[in-house]
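Taken in order, these protein sequences are the chains called A and B. Our numbering puts the first sequence at residues 1 to 204. Our numbering puts the second sequence at residues 1001 to 1231.
Check before you lean on any hint, since a few could be wrong.
What the hints assert, rightly or not - Selected chain A positions facing chain B (Cβ under 8 angstroms, derived; list incomplete):
| hint | residue |
| --- | --- |
| 1 | Phe19 |
| 2 | Gly179 |
| 3 | Leu180 |
Keep in mind that the hints were calculated from the coordinates and are not lab data. Model, not experiment: these values are computed from the prediction. Every residue gets a Cβ at the ideal spot worked out from N, C-alpha and C, and that includes glycine.
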Amino acid sequence: MVPMKIQNISKGGCLANGFTLLELIIAIAIITLISAVSFDASSRSLNRSRVNAVAIELAAWFQTIRTSGADTAFCSVIFDPDQVTLAQAPARAAASRVFSRGNRVYSVEPAGCSGRPDFRISDSVGGNTFTIWSNPLFQFTQRGNVIQTAGNLVERNDVRILMVGTRLLRCVRTFDSVGLFRIGSNSDAAGVGADCAATSFNRF
Amino acid sequence: MSYLNFRYAARLQKKTSALIANGFSLVELLLYSAISLMLIGAAGSIAVSETRSSIKTYALVALRNQIANVTFLLEGEIGESELISVCSAACTVNTGTANTPVNLSVPYSLVITHPYAVTGAGRSTATISYYGKTNDPDLYRFGPPFTTATTSLDPVSGNLGFGSGALNTGAASAETVASPNTSLSSMSRDNDERRTLTYSITITSGTTDRSSAWASSLSSTGLKVRTRVGF
């Protein structure tokens, strides 16, 4: 009753034998390779998203303070406020600190300059930590300028954010006169001392 | 009835067994592959389009913010000035001092004269120049830096003031990039009163590759601003 062809296959064909050990090893190797490549790509993509998120949130927070500066005498933003007070900040040099989720990176005085009185690393970064290099003090005037050192009117990368354990660096560049913040990137930075190329700004 | 069922079941078993035994034919395999590729291509195309759209939106919002920042700065500076002058071609701006001028040839310039009073001395003026440079996309500013001091505007004495952000007339003037990838154009000053400036502003994202989602440009034309201090 059973057709001859099926009989033959079930006796000695591939259905009866299944995979050979070699086929299985090759299949597993290919699947492993594809998984490794896709995991690496998605891990890098996730890291990029997280470091971008920190830079974008920071630039947006600066922007809100710049806007509200028009209603206040001037607003002062202090880097690492748990270690440095507003009175101490002008005498400090730019420095780097390591921050993780929930840590306070900046605070603003007076507190009314922003709906958020401080800038903290958000929960969206997961377990990642960041080395942030920054000037100690930013002051936002009613004219909309950002002043860091009296009489100093230069553009520079004032804040650098490096994801610890990666080479992903993001720079928040300040244009003092017009009170503008732009974000640049360097995805192969040796450390937080590296810089972001001019061509990378707003193309991270 | 049961005989028919038996025959149908037997035929179905035969067909199924044949299919399992034979696998896909080449035509079937090609057809499935083509359909799968089309579906993957369509999904990929939607994802790429979505990403490009997000980038474009972000870039345009950033440019719109930048235009707001630049116009706010210019309106503040012009608003408290007493005189403005514009030049649209083959212009010269002084990036030195009155005693030691350093003349710079620029394609366009906007020069703003601010009055201010020095304590114990007569009225004086400060000059602020906005200009572009040849083969350079940025808008530059040369003039006194800003301070965090809070002063009030006094139209009689001409004291400079804009709340905090008043000009530090005691400090040396400095050149700075006022706004990157920004140019002023179509500048004209009202001929009768000489106190109203009409201008256009164009800001680009700085990306010259037109196929890039980051390549964006935004313009505001016919903007008007008037000096508030009259002498």
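Okay, the hints, checked on the actual structure:
no. : hint   : verdict
1   : Phe19  : violated (15 angstroms)
2   : Gly179 : holds (6 angstroms)
3   : Leu180 : holds (5 angstroms)
The earlier numbered hint that this structure contradicts is number 1, and it is the only one.
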